[in-house]
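Trainee: Sequence:
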Amino acid sequence: MEPNKLPDFIDYFRQLATANLALGGSFVHGAAGRILAGSRSGIEYPCLWLETPTLAFEEKDGTAPLGKRRCAWVVLQKVPTDDYEAQDAGWAQAEHLALQVLSRMLRDRKRRRFHFTLNANPLEPVATLTVDNEIGFRLEFELEQYVPDLAYDPALWAPDTL
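If you use my numbering, the sequence shown corresponds to residues 285 to 446, in order.
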């Protein structure tokens with residue numbers, strides 16, 4: 285995966301959701317509007333939601349720029365509004381799934397697919413984002429990888445007239 289290429293980045297998390305037996309491929313990506321629309325059209329729960337990422341750069345010593353894909357994902361679980369015991373079980377399941385997603389990212393970091401650190405942000409609880417009465421856990425993160433493809437290609441530009 286090249287985290288600096290948006291389709292690869294999204295596909296990594298789609299494949300992760302597909303590979304996890306409990307998530308069973310339930311995956312949504314995009315801004316809050318997309319998840320809100322999905323709640324009306326039938327999302328399968330539990331679900332991995334990847335928020336729309338940003339791409340920042342850092343230059344070091346004249347080497348290829350370091351690309352930093354900043355994003356967050358949320359593991360969502362649907363729970364009944366009036367059953368606190370079921371809600372407690374939903375929180376436990378959502379946390380377990382979030383830790384599993386994180387464990388897969390750590391495994392892939394060890395395989396040098398990308399770099400990120402656990403020192404930056406906590407795993408935060410979220411509740412009732414939509415009419416589906418969802419709960420879950422959210423993690424903000426930043427994946428880093430050098431971007432050797434960030435190079436000027438004169439063939440893609442009109443000849444200089446300045």
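Accuracy of the hints is not assured; some may be wrong.
Claimed, not checked - Computed spacing ranges between beta-carbons, pair by pair:
| id | residue 1 | residue 2 | range |
| --- | --- | --- | --- |
| 1 | Ala340 | Leu390 | 37 to 43 Å |
| 2 | Glu342 | Gly308 | 33 to 39 Å |
| 3 | Asp433 | Arg393 | 20 to 26 Å |
| 4 | Asp367 | Pro432 | 51 to 57 Å |
| 5 | Lys344 | Trp441 | 50 to 56 Å |
It should be emphasised that the hints constitute simulated quantities derived from the structure, not laboratory data. No residue lacks a Cβ here, since even glycine has one placed at the ideal position from N, Cα and C.
Trainee: So, for every hint listed, does it hold in this structure?
Mentor: Status of each hint after checking the structure:
no.: 1; hint: Ala340 / Leu390: 37 to 43 Å; result: violated, 22 Å
no.: 2; hint: Glu342 / Gly308: 33 to 39 Å; result: holds, 37 Å
no.: 3; hint: Asp433 / Arg393: 20 to 26 Å; result: holds, 21 Å
no.: 4; hint: Asp367 / Pro432: 51 to 57 Å; result: holds, 53 Å
no.: 5; hint: Lys344 / Trp441: 50 to 56 Å; result: violated, 26 Å
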